[in-house]
Structures are given as structure tokens and as C-alpha cells.
Amino acid sequence: MTIRRVNSTGRKRILREDVQFFIRRDAEGGLGFDALLDLKDYKLPPDSKVFVEAYRQTSFMRFEYGSAAEPSPPSYVDRKLTEFSSPEGLLFRVKVTSTGERSGVLLAEGDRIPAADDEEQPNDRVPLLPPAPADLGQEIWRIDFAGSSGPLLLINKRVGDWKAVASSPAFRSLVYPAAMSLVLWTVFRDETRTTEDASDWRCRWLKFASGLPGVGDPPLKSEEEDVWTTWIEEAVASFARCHRMLDHYKASTVEADL
Amino acid sequence: MKLHRFNEEGIKEFADFLDALEVNPGIPIPNQLLTNPALALPVSASEEIQNITFKNRLDFAQHLDRILSTVTGCDVEADVGLWSWITLLYFDQVCPAESNGFRKIRERARYIPAVSNFRKYYRHLLAGPYRVYRAHRNAPETALILLCGPLHRPGDIVEQIVARQEIITNPNAVALATKIYYDTETGSFRRGAASKGKGSARRLADVMNQFDVTWDLYWMTSENLLQKLPDEFENFRSKTRS
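From first to last, the protein sequence lines are chains W and D.
Letter by letter, the first sequence follows residues 950 to 1207 of this note's numbering.
Letter by letter, the second sequence follows residues 21 to 262 of this note's numbering.
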């Protein structure tokens, strides 16, 4: 007796390329978001209402985003994601709803849209540590600094499904903080370290690390290892905190036992 | 007692107890694990929790929300060690002994939360009602259909509704379910609500699933939704008028 979902009202599907979400983190670690909505090609009634919904499991928030003719965000204070203590697994949905005769009819929807990190810019997404398969003998992973475009996270291709390994919570929580530390130490030892040239991978890594909560600017002028040790340790700790590495590791090991 | 969370070893010990219980359903509850410093650490210096008996899932969720609302620095809902520890504390209520003194263990995710598994995360017998309460804390009485049962037996209605993200997060949809299926006189489900037949909660979930394609369900009140339900719900709908 299961009902098949029938789109009998011709609801339009909003494409992911037309909506983008960016998580913001304030100084206290609270979350908020920005959205870029481009609905002009969907031929929606100008007075129809636009809503953005953020959700994860049983947590949910809904935000009014003006009309289809003029999508307009609420103030940043009203775009805070107060129901969410972390951005992991957070998804967004956009709905356009009729206000006319058939008030409440869903005219268009885009669902299950993940957020980009706030370090990323809408049209300028460069992964800091892209994974790649490699023959590493009995090693499981290694950082490759040979390329000019930045480090690669090599994963032993004989490990099985290397992509699944790279994205698994246990691997990420064990490897990424260590990999981050390794990369930042390599940047420290490089004479050309800078935070000015965004096309340089070292610059992108320093900006990424310094943008983490509680980390601050890198000690660019210092050559003392102790000073860098403190800064790098703070950056790695903050990174692990933001991504709840321990929690994810524990969850993955418990689920593996279930 | 101070509120604790199990570390990795503590979670494993608790899981070992559940395994042992399957083989020998009469073994005692290992309450000593709760305060073993090698297995459990206080969540903070201040939060206290008592082993009290709860009337139903709502009573528990309200009690725990008062305690957990003061916990900072962690994602409470996803904290496997915390929920495992709380489950052991209230084990007599989440897995009560039968008249012969034996306990019947059910799916593991009911006792140790599978927080990253979207098909199971809501099944935890304590984190489940806490999540529902948090999602509807502005008007928990409208979610009574999901919170009126005992801790150890949430019921099929809960499974049908909580498993659907679009329904469980929608106050109007949950209020509708409470309106048609909750019997205020008995404080429990109306007869037939948990069946697989016409007008049941299982059917409501299917119908809401279809409504969700056509309507913006967050825009509509529970009364709007009630009026739009097909005739098969008339038996329950008529009871909301009396």
C-alpha cells in the first residue's frame, strides 16, 4: 500500500548550480550561513515566497528569503544556525511556495544540497589536499609534495576502495590532523612562505589554518621552531575540534562493532 | 551522581555486557562501570544525574534536557559515549527484566546510538525521545504521540514518523499525528493507529510523503493538513471533533 510520489502539480526542480550555501563560523564558534540563489530562469510567479531550510536528522531550521522576484536574505543574526552545533552532515533545501489562489502549493524545490566551507569561495574551489591512489608498498598513506600545485594525499591503491577509505570517518580522523601538521611544517621550512599570493598552495594552507577558530595569523617573520610549533599545534587542534575528529572516530569504531 | 560519558573502552565494556546478556539473559547490570575512572569520565564538574523512574518518554526527555542544556563543548546528540553511559544508568527502564528475571535484548542501536547511520540514529531508546523533544520543545504536548510511550517500547507509530525526516522535523505534521492518534483519556495511542490498515500511522506517513511533493508542509497548519487527509482517515478525524 505504499504511495508512489507523483509530481502531479509540475513542481520545478531547482538545480544545484543555481543555489550555493556557505557556512560561516563566528568568533564564539557559532554557525551561520550565506546563500547564493539564482532563480531568475525558473519563471516563477514574482510574488511566490522563497524559503531556505537547513536540516540534519531531527534538527531543522527554516528561513524566509523574500520573493521569487527578489530573493532577499534575513539579517545575519537571523541566519544563525542555532539548532546545529557542528556543520557535519548539514544539508540545505530551497522551496518556492505559491501565495496566490493555491496558497501553500510547492512551485519549485532543490533538496539535499550540502554547504561549501566558508574558506571556499563560490567559483574558486581548490581542494587543499586532494587524495590520489598510488602504489605505496605496505604504507597506507603518504603526502606527496612533488607537484607545483600543492600537496597530494596519496593512498595505497591496494587498500581496496581507496576513495571509500579516504572518506571514511576513521581514516579522516586519524590521518587528516597528522597530514595537516606535516604540510604546515613543510610550509615553515619553505623560504617562499607567504599569505599574499592566493595562487600559491603554501599561501592557501596558511590562510586556511589561520582562519580556524582561535588560531590567528602565522608567525611569518619568525624562524624559531618553538614559535611555529605552538602555532601549528594550535591550528591542528582547532581543525580537529571543528571537525569533531574524536567523536567521528569513536562513532565509526562503535558502528563497526554493531 | 555526576553525569559521565564512557570512553572508547567504556563503550566496549558496555557492548560486551549487551553481548553477554544475549547469551545469559539473567546476568546482573554492571553498574560498577558507571563510575570506573578507567572507563567513564565526568562530563563536567557540575552536572548531576539521578537514577529515577520516568513516567514515559516525555518525562525522561524533559528531565534530561534540563541536565544536558548546561553541557557545552560537545555535540550532545552525537555523543556515543554519553548516551551509552546514560543507557547503562537507566538500563532497568530501557530493558526491564521480565517476570522470570530475564532481559530480552533488541537491536544494538537501541542501546548504543548509531549516530551516523540515517536508518538507525533515531532508534536509540533514550537519544530518540530526547531528539524528538528537542525538535518540538516549544510545544512538546503536540508531539505526545511520539513521547507518550514507555522508554523500552516506543511503538511502531514512533518508527513510522521519526524515520521520515520531513515529518519529524515539521511541527504541524507531528501535531497532526498527535491530534488524530493520541487518546487524551488513556494517555496512549488510539486503537488502530499502530496497525497496518486504513488510516494508520503507517498510511499517514505515506500520505504525508505524497503531500510533501505537492504542498509546502511547513506552510500549512495541522488543521489544514487534517482537512486534506483522504477519507480513509475519517474514523480518526471524527474523533478530533468530539
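No wet-lab data here; the hints were simulated from the structure.
Misleading hints may appear alongside valid ones.
Unchecked claim - So the derived label-pair ranges between C-beta atoms look like this:
(1) W:Asp-1060 x D:Lys-216: 53 to 59 Å
(2) D:Ile-49 x W:Arg-1190: 32 to 38 Å
(3) W:Ala-1119 x D:Thr-206: 43 to 49 Å
(4) W:Thr-1143 x D:Glu-28: 37 to 43 Å
(5) D:Ser-258 x W:Asp-1060: 42 to 48 Å
(6) D:Ile-87 x W:Asp-990: 48 to 54 Å
(7) W:Glu-1140 x D:Ala-183: 35 to 41 Å
(8) D:Ile-49 x W:Asp-987: 41 to 47 Å
(9) D:Arg-211 x W:Arg-962: 38 to 44 Å
(10) D:Asp-39 x W:Gly-1160: 56 to 62 Å
Unchecked claim - Okay, derived cross-link-like pairs now, EDC-like style, lysine to aspartate or glutamate, Cα gap no bigger than 20 Å in a straight line:
(11) D:Lys-140 x W:Glu-1037
(12) D:Lys-22 x D:Asp-85
(13) D:Lys-248 x D:Asp-176
(14) W:Lys-961 x D:Asp-95
(15) W:Lys-961 x D:Asp-232
(16) W:Lys-1029 x D:Asp-232
We put the CB at the ideal spot given by N, CA and C, even for glycine.
Tested hints:
1. Under the hint 53 to 59 Å, the C-beta atoms of Asp-1060 of chain W and Lys-216 of chain D, about 29 Å apart, miss the expected range.
2. Checked against the hint of 32 to 38 Å, the pair Ile-49 of chain D and Arg-1190 of chain W passes, with Cβ atoms roughly 35 Å apart.
3. Take Ala-1119 of chain W and Thr-206 of chain D: their Cβ atoms lie about 47 Å apart, and the range 43 to 49 Å holds.
4. Checked against the hint of 37 to 43 Å, the pair Thr-1143 of chain W and Glu-28 of chain D passes, with Cβ atoms roughly 41 Å apart.
5. Our hint of 42 to 48 Å for Ser-258 of chain D and Asp-1060 of chain W is violated, since their Cβ atoms are close to 35 Å apart.
6. The beta-carbon spacing between Ile-87 of chain D and Asp-990 of chain W, approximately 51 Å, falls within the hinted interval of 48 to 54 Å.
7. Between Glu-1140 of chain W and Ala-183 of chain D the C-beta distance comes to about 57 Å, which lies outside the given range of 35 to 41 Å.
8. The hinted range of 41 to 47 Å is not satisfied by Ile-49 of chain D and Asp-987 of chain W, whose Cβ atoms lie roughly 58 Å apart.
9. Between Arg-211 of chain D and Arg-962 of chain W the Cβ separation comes to about 41 Å, which falls inside the hinted range of 38 to 44 Å.
10. Between Asp-39 of chain D and Gly-1160 of chain W the beta carbon distance is about 45 Å. The supplied range of 56 to 62 Å is therefore violated.
11. Our distance criterion of 20 Å between C-alpha atoms is met by Lys-140 of chain D and Glu-1037 of chain W, whose separation comes to about 18 Å.
12. Between the alpha carbons of Lys-22 of chain D and Asp-85 of chain D the distance comes to roughly 15 Å, so the proposed pair stays at or under 20 Å and holds.
13. Among the hinted pairs, Lys-248 of chain D with Asp-176 of chain D is inconsistent with the structure: their alpha-carbon atoms are about 24 Å apart, more than 20 Å.
14. For the suggested pair Lys-961 of chain W and Asp-95 of chain D, the alpha carbons sit about 36 Å apart, so the restraint of at most 20 Å is broken.
15. With a CA separation close to 14 Å, the supplied pair Lys-961 of chain W and Asp-232 of chain D stays within the 20 Å bound.
16. At roughly 26 Å between alpha-carbon atoms, Lys-1029 of chain W and Asp-232 of chain D are farther apart than 20 Å, so this suggested pair is violated.
Taken one by one, the earlier hints fail for this structure at numbers 1, 5, 7, 8, 10, 13, 14, 16, listed in ascending order.
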